[in-house]
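Novice: Spelled out, the chains give:
Number of protein chains: 2
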Amino acid sequence: MSTDSKISKLFSTIDDLKPSFIDRLSKAVSIKSVSGDETLRPEVFKMATFLKDELIKLDATDVQLKDLGIQPPPVSISNLPLPPIVLAKFGNDPQKKTLLIYGHADVQPAQIEDGWNSDPFTLVVDEENDKLIGRGSTDDKGPVMGWLNVIEAHKKLGIALPVNLICCFEGMEESGSLGLDQLIKDEAKGYFKNTNDVCISDNYWLGTKKPVLTYGLRGCNYYQIIVKGPGADLHSGIFGGCIAEPMTDLIQIMSTLVDNKGNILIPGIKEMVAPVTETEEKLYEEIEFDVDELNAASGSKTSLFSSKKDILMHRWRYPSLSLHGIEGAFSGSGAKTVIPSKVIGKFSIRTVPNIDSNKLTKLVIEFVNRKFKELNSLNECKCELIHDGDYWVSDPFNKSFRAASKATKKVWGVEPDFTREGGSIPITLTFENELKSNVLLLPMGKGDDGAHSINEKLNISNYIQGTKTLCAYLHYYGESE
Amino acid sequence: MSTDSKISKLFSTIDDLKPSFIDRLSKAVSIKSVSGDETLRPEVFKMATFLKDELIKLDATDVQLKDLGIQPPPVSISNLPLPPIVLAKFGNDPQKKTLLIYGHADVQPAQIEDGWNSDPFTLVVDEENDKLIGRGSTDDKGPVMGWLNVIEAHKKLGIALPVNLICCFEGMEESGSLGLDQLIKDEAKGYFKNTNDVCISDNYWLGTKKPVLTYGLRGCNYYQIIVKGPGADLHSGIFGGCIAEPMTDLIQIMSTLVDNKGNILIPGIKEMVAPVTETEEKLYEEIEFDVDELNAASGSKTSLFSSKKDILMHRWRYPSLSLHGIEGAFSGSGAKTVIPSKVIGKFSIRTVPNIDSNKLTKLVIEFVNRKFKELNSLNECKCELIHDGDYWVSDPFNKSFRAASKATKKVWGVEPDFTREGGSIPITLTFENELKSNVLLLPMGKGDDGAHSINEKLNISNYIQGTKTLCAYLHYYGESE
Ligand SMILES: [Zn+2]
Ligand SMILES: [Zn+2]
Ligand SMILES: [Zn+2]
Ligand SMILES: [Zn+2]
Chain A
42 MSTDSKISKL FSTIDDLKPS FIDRLSKAVS IKSVSGDETL RPEVFKMATF LKDELIKLDA
102 TDVQLKDLGI QPPPVSISNL PLPPIVLAKF GNDPQKKTLL IYGHADVQPA QIEDGWNSDP
162 FTLVVDEEND KLIGRGSTDD KGPVMGWLNV IEAHKKLGIA LPVNLICCFE GMEESGSLGL
222 DQLIKDEAKG YFKNTNDVCI SDNYWLGTKK PVLTYGLRGC NYYQIIVKGP GADLHSGIFG
282 GCIAEPMTDL IQIMSTLVDN KGNILIPGIK EMVAPVTETE EKLYEEIEFD VDELNAASGS
342 KTSLFSSKKD ILMHRWRYPS LSLHGIEGAF SGSGAKTVIP SKVIGKFSIR TVPNIDSNKL
402 TKLVIEFVNR KFKELNSLNE CKCELIHDGD YWVSDPFNKS FRAASKATKK VWGVEPDFTR
462 EGGSIPITLT FENELKSNVL LLPMGKGDDG AHSINEKLNI SNYIQGTKTL CAYLHYYGES
522 E
Chain B
42 MSTDSKISKL FSTIDDLKPS FIDRLSKAVS IKSVSGDETL RPEVFKMATF LKDELIKLDA
102 TDVQLKDLGI QPPPVSISNL PLPPIVLAKF GNDPQKKTLL IYGHADVQPA QIEDGWNSDP
162 FTLVVDEEND KLIGRGSTDD KGPVMGWLNV IEAHKKLGIA LPVNLICCFE GMEESGSLGL
222 DQLIKDEAKG YFKNTNDVCI SDNYWLGTKK PVLTYGLRGC NYYQIIVKGP GADLHSGIFG
282 GCIAEPMTDL IQIMSTLVDN KGNILIPGIK EMVAPVTETE EKLYEEIEFD VDELNAASGS
342 KTSLFSSKKD ILMHRWRYPS LSLHGIEGAF SGSGAKTVIP SKVIGKFSIR TVPNIDSNKL
402 TKLVIEFVNR KFKELNSLNE CKCELIHDGD YWVSDPFNKS FRAASKATKK VWGVEPDFTR
462 EGGSIPITLT FENELKSNVL LLPMGKGDDG AHSINEKLNI SNYIQGTKTL CAYLHYYGES
522 E
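Going down the list, the protein sequences come from chains A and B. Just add 41 to the spot in the first sequence (first one is 1) and you have our numbering. Just add 41 to the spot in the second sequence (first one is 1) and you have our numbering.
You may find that some hints are simply not true.
You can't tell identical chains apart in this list, so a pair holds if it fits in one copy or across any two.
[What the hints assert, rightly or not] Result set (EDC-like, lysine to aspartate or glutamate): computed pairs, CA atoms no more than 20 Å apart in a straight line:
id : residue 1 : residue 2
1  : Lys383    : Glu368
2  : Lys377    : Asp274
3  : Lys377    : Asp78
4  : Lys349    : Glu473
5  : Lys383    : Asp300
6  : Lys423    : Glu327
7  : Lys172    : Asp56
8  : Lys250    : Glu326
9  : Lys342    : Glu415
10 : Lys137    : Asp103
11 : Lys377    : Asp429
12 : Lys383    : Asp155
13 : Lys130    : Glu327
Since the hints were made in silico from the structure, they are not lab data.
Given these sequences and hints, build the entire structure.
Specialist: Okay, structure coming up:
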């Protein structure tokens, strides 16, 4: 049977199985696997068991719940176990390529009081508006169920999977993927041996009309500036005007980092950014996006740019610096007349090719130290990196991307846009580096799904067509040279 | 009997009654009358009843517990009653002057876990170190008991009080004196009719060696700058670099308000400050204070000035501007990559003669608006006054101050220093304005008592000598022309 006729049969079976696929997602959504809520940890475990049972029903082999030990501090509940990572294999044919698929089964917190129109943990099937509404519908239970759906369709038809699959589904993604980095390192030559490529379905289309494939992510270096003076918080009536106030120093320094048009004022950073190539420039032209979509997403008319290209380039391929807040200062409502004794300013820089993380940190710290020295202050100041995660850019024309592009065309009738994202998925780099393989980001949901918001949804069509896309991708990837 | 022989007898009786005076303070301290802790409200009521019973035992007339109704929001416990204000009178002789004495019987929160060396609500009598240790010992139960002690000594000796006394003891001072302003207005021509002068004993010596009388307080105008842009908090990965971030605007504006040497950068304020007179200049020279005391109090070497006069003038008679914090920004520990959608910068300006509060507010708002306009931002900005309290300065050579000065000399053997304070006691102005009378601030405790800190203390000698000072003050004030 040709690939095309296999795909035809599979697509038709996927359509037939739609009610049971929705039922599968419905069951998954009903489990309150909020990784950030320690009291709900048993639900995250329940979710792992649910996945394990589904995988076994689908004839997976070597299904494991990988114990990750106790959650490191800070935790409220002591001896809190981390949820296990669910591992499973389908096929072990040395003639076939081996694809690792990753997803997460934990979700963001959700309560109806937040403003949901329905119980967040009861999947609402709204055929009229083409929506599946519920926490995790699009992030990331929908895509994970999508993979299971693909396997079920093959099983039902007795069609062999075109690749060996290794499943890696975690339960702490919304809480920093604790333990996953180490597991990938540990299993690079073990469970994950022979992995040729990695496919992650945990992001979204840029807009709502056109499917995309994602080939780049910005990195993120997070810094803090600690300014301390008095031994304890002081009363501004007694000490105001007589002593050097740490807040005044900190605000002065923070005001020198970035201007309000988004220009980073720390010298030497711009110079590290890779120049725009002609090929890259062309990619922007074809992408469907405009300033109205940015304004709709931000709920305001605060876009710094009006052209599509400027917006996307500043989101994807230029660095940015955001001031997040100040720890130790007064942050409540009302009026408190305190002189905080120690204040910690927080900011982060989104990084892009070819910004070297270490060099960036050196530039930032030197700049802050110089600015503080210029203040000639009696307080003490220290600037430090809290954490960094490198940027990631892949070749959007490699084997895996070509297969995904062909699958998208097959299902949606259009070539996908090739996009990057402004945020980071740190695990992408770990997979790439540790498994020496390429990663493809193949999203299922739309840009307006509201992943971390109230009334999170996945369009029914995206769920079913997305399942087909994953399915076709496997076949095109499997047969690629 | 001459005034001096009366005072001699009274002093000797005060010495005799020392054990029972300490016992009185001990009972007062044992009541956990923390006004800021709603769950302890019954204890604040118990404290009012304790005062009422003591006053009745001392033959007070017209003792009243003035009901102030329900505490206005924000409160956690609904229908929470405000503690009553305790009113009492001693004497009603039209030949005598009428003095209103004010104090508060509520205290700051305290828990042994905060670092106390002993239970904060069990008065420790440490004769060796001359200390009475416990929450409220110096702020303000000690001084309030001091007044009761004075009355008891008179009663014991059968000596008539030299003035008519009106007692006004509140239970919400540490929580903004809720209800007191209105009560003073309501009773100005009622219970408080005929008041000639007011004496408040609720502050401290400047240092630890020399008694002081306080004739001035700075005012406080508290402002907020609201900058808002996006409809909701945004992810800095997705939006960083593309939209105008409210935090960037706010930090820019806050950095223009004050420099890190304490100079207010808003034009027009300096010009309103009253010039230093020769008389005032001389007052500073005699005051016992130096930079080491400021450094000890701040727990650091961050004093902006090295000379006594510079420090005291900047604490007492020049305005200052403190940046307190930002509401709405990230304020926790760790790293959160948020772009806050709405941030509220908080700052206050301590005011002094002859800064006009309304004119100041106009200058501040105009300045902030101009600075925001210069930013040419896409966000919205609004600056507003949250609350103001005027400065207060009295004539340190009026009848009441002269009597207090003479009393201090009599008890302590030295002329008191004439001081101001950098903070504000808003009720001072209300008494002065509503009762058309002069207010004297006559402190009992020392500068190192730690009023709002752990291990709050009142020296035993200050308690007893302070009681004598209040006593002698009454007689010198009573006989003054
Ligand atoms: Zn996700
Ligand atoms: Zn997520
Ligand atoms: Zn007080
Ligand atoms: Zn107090």
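Novice: Which numbered hints are broken by the structure, listed smallest first?
Specialist: 4, 6, 13
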